[in-house]
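Could you put together the complete structure from these sequences and hints?
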Amino acid sequence: MKGYGLYHRLTNGDDLPSFIDTVLENNGAMVSTVEKLRAGIPVGGMSPEADMDTGGATYFFTRIRKLPTAGGSRETGLYFKKRLLRRMDAISYDHDAFGRVRDDYVSNHRGSTPAEWKKFARRSSNETIFKYSVTLLDNIDVIVVGSEREKRRLLDVFRKRRISRLPDGRKVEDIILVR
Amino acid sequence: MKEFIEKEKARLQALFDPFNKGGSWMALIEPGREPVRLGLIDGYTVTRVAPHFDARGELKRVDFWLLFKAVGYDEGFQHAHTVKVVRWSQEDTDLIDLTDDRGRRFHVELVFPDQEPDLAADWRRWRRYKSENRDRFERIDADLLAEHVRIAEEWE
Numbered sequence: 001m002k003g004y005g006l007y008h009r010l011t012n013g014d015d016l017p018s019f020i021d022t023v024l025e026n027n028g029a030m031v032s033t034v035e036k037l038r039a040g041i042p043v044g045g046m047s048p049e050a051d052m053d054t055g056g057a058t059y060f061f062t063r064i065r066k067l068p069t070a071g072g073s074r075e076t077g078l079y080f081k082k083r084l085l086r087r088m089d090a091i092s093y094d095h096d097a098f099g100r101v102r103d104d105y106v107s108n109h110r111g112s113t114p115a116e117w118k119k120f121a122r123r124s125s126n127e128t129i130f131k132y133s134v135t136l137l138d139n140i141d142v143i144v145v146g147s148e149r150e151k152r153r154l155l156d157v158f159r160k161r162r163i164s165r166l167p168d169g170r171k172v173e174d175i176i177l178v179r
Numbered sequence: 001m002k003e004f005i006e007k008e009k010a011r012l013q014a015l016f017d018p019f020n021k022g023g024s025w026m027a028l029i030e031p032g033r034e035p036v037r038l039g040l041i042d043g044y045t046v047t048r049v050a051p052h053f054d055a056r057g058e059l060k061r062v063d064f065w066l067l068f069k070a071v072g073y074d075e076g077f078q079h080a081h082t083v084k085v086v087r088w089s090q091e092d093t094d095l096i097d098l099t100d101d102r103g104r105r106f107h108v109e110l111v112f113p114d115q116e117p118d119l120a121a122d123w124r125r126w127r128r129y130k131s132e133n134r135d136r137f138e139r140i141d142a143d144l145l146a147e148h149v150r151i152a153e154e155w156e
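One line per chain: the protein sequences are A and B, in this order. Residues 1 to 179 (the working numbering) are what the first sequence spells out, left to right. Residues 1 to 156 (the working numbering) are what the second sequence spells out, left to right.
Do not rely on the hints blindly, as some may be mistaken.
Computed Cβ-Cβ distance ranges for the label pairs, DEER-style [claimed, not checked]: (1) A:ALA39 <-> B:GLU58: 53 to 63 Å; (2) B:ALA50 <-> A:ARG102: 24 to 34 Å; (3) B:THR93 <-> A:THR69: 47 to 57 Å; (4) A:LYS119 <-> B:ILE5: 41 to 51 Å; (5) B:THR93 <-> A:HIS109: 31 to 41 Å; (6) A:ALA39 <-> B:GLU91: 26 to 36 Å; (7) A:HIS109 <-> B:HIS107: 17 to 27 Å; (8) A:ASP174 <-> B:ALA146: 23 to 33 Å.
Straight-line distance between alpha carbons at most 25 Å, and here's what the computed DMTMM-like set of lysine to aspartate or glutamate pairs gives [unchecked claim]: (9) A:LYS151 <-> B:GLU154; (10) A:LYS151 <-> B:ASP141; (11) A:LYS66 <-> B:GLU154; (12) A:LYS118 <-> B:ASP101; (13) A:LYS118 <-> B:GLU156; (14) A:LYS66 <-> B:ASP143; (15) A:LYS131 <-> B:GLU34; (16) B:LYS84 <-> B:ASP114; (17) A:LYS119 <-> A:ASP21; (18) A:LYS119 <-> B:GLU153; (19) A:LYS66 <-> B:GLU91; (20) A:LYS151 <-> B:GLU75.
Everything labelled a hint here was simulated from the structure, so no lab data went into it. A virtual CB, placed ideally from N, CA and C, is assigned to each residue, including glycine.
Shown next, in the form of structure tokens:
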């Protein structure tokens, strides 16, 4: 699995520095829809209905991807460490399963070996989901931003909180790439 | 061929125009499983078509890749979906049934304001929210379209 990670792209229209600022301001974790509601984070428009019905609303969504540092595409977003796949609550599908976690769907479709996960990564619509939340600082591998200016702003966000190194010892500036 | 594909794409996209305009809801039906209500759908976009011809060059069928976004899709990328449609049927213009390459059936129905006032109110509220945040949604939509065109193009 060398060179792979778990990609999460933002779709809320915010830029990455503002988003990371909000995450660090709160509990420092990427959270599911249900956790957002529980924490009282207001939903801007409307809350999607589907993942409430499939059970996916309690999960945080990612996709298995090749890392941009290993020849994968440099799409803006957050790339988490592949070790998260070892979490007992991680569920990986090779397809868009609409966050389905009920009945025997999980046992019939879940991938649970490195060989399967690598195969899943070849399908862009693969999904890997985690119950409730994923903490940012100890699980982040790479952050890709859209411009040098955005990188400077993101570094300021970390600096403001006196974070210069991640728990794994890497410097913050070394994990932020520009697309 | 390019012209033919563009024509097919436009023809298929036209099927979804009433749903994109008036609002629709969708249910996912899989054999042997409880149906899942996917809720109100913001819109449908045909991103790719794949015609199949027989040995004599006659058109047998056209598969297509459909991007659809659930209402509230600004809350996470998981609310936008691409499916490869291998079969579809339409008894009348107010509904459509799509079957994907995994054998899943997606049942789509137009929202009827007089029969479904709550859904119609949610649809209006969503449209208002989107128009009040036009710039933000333009960015989100462009990003999602680019991602889902790639998903469709890379589909094996």
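Here is what the structure says about each hint:
1. Roughly 58 Å separates the CB atoms of ALA39 of chain A and GLU58 of chain B, a value that falls within the hinted 53 to 63 Å.
2. The hinted window of 24 to 34 Å between ALA50 of chain B and ARG102 of chain A holds, with their beta carbons roughly 32 Å apart.
3. Hint check: THR93 of chain B to THR69 of chain A, Cβ distance near 50 Å, so the stated range 47 to 57 Å holds.
4. Checked against the hint of 41 to 51 Å, the C-beta distance between LYS119 of chain A and ILE5 of chain B comes to roughly 30 Å, which is inconsistent with it.
5. For THR93 of chain B and HIS109 of chain A, the Cβ-Cβ distance of about 35 Å falls inside the hinted range of 31 to 41 Å, so the restraint holds.
6. At roughly 45 Å, the beta-carbon separation of ALA39 of chain A and GLU91 of chain B lies outside the given 26 to 36 Å, and the hint is violated.
7. The hint said 17 to 27 Å for the Cβ distance between HIS109 of chain A and HIS107 of chain B, and at roughly 22 Å that hint holds.
8. Between ASP174 of chain A and ALA146 of chain B the C-beta distance comes to about 28 Å, which sits within the given range of 23 to 33 Å.
9. Using a Cα cut-off of 25 Å, the hinted pair LYS151 of chain A and GLU154 of chain B is violated, with the two alpha carbons roughly 30 Å apart.
10. This hinted pair checks out: LYS151 of chain A and ASP141 of chain B have alpha carbons roughly 24 Å apart, not beyond 25 Å.
11. For the hint pairing LYS66 of chain A with GLU154 of chain B, the CA-to-CA distance comes to about 15 Å; that is within 25 Å, so the pair holds.
12. For a cut-off of 25 Å, the pair hint linking LYS118 of chain A to ASP101 of chain B stands: about 22 Å separates their Cα positions.
13. Taken as a hint, the LYS118 of chain A and GLU156 of chain B pair is honoured in the structure, with Cα atoms around 15 Å apart against an allowance of 25 Å.
14. A threshold of 25 Å between alpha carbons decides the hint, and for LYS66 of chain A with ASP143 of chain B the separation of about 19 Å falls inside it, so the pair holds.
15. Proximity of LYS131 of chain A to GLU34 of chain B is assessed by CA-CA distance (about 22 Å); at most 25 Å being required, the pair is judged to hold.
16. For the hint pairing LYS84 of chain B with ASP114 of chain B, the CA-to-CA distance comes to about 33 Å; that exceeds 25 Å, so the pair is violated.
17. A distance of roughly 34 Å separates the Cα atoms of LYS119 of chain A and ASP21 of chain A; the hinted pair therefore is violated under the 25 Å criterion.
18. Note on LYS119 of chain A and GLU153 of chain B: the hinted pairing holds, with a Cα-Cα distance of about 17 Å set against a maximum of 25 Å.
19. As the CA atoms of LYS66 of chain A and GLU91 of chain B are separated by approximately 44 Å, the hinted pair breaks the 25 Å bound.
20. The hinted pair formed by LYS151 of chain A and GLU75 of chain B meets the criterion: a straight-line CA distance of about 24 Å does not exceed 25 Å.
Comparing the model with each numbered hint stated earlier shows that hints 4, 6, 9, 16, 17 and 19 do not hold.
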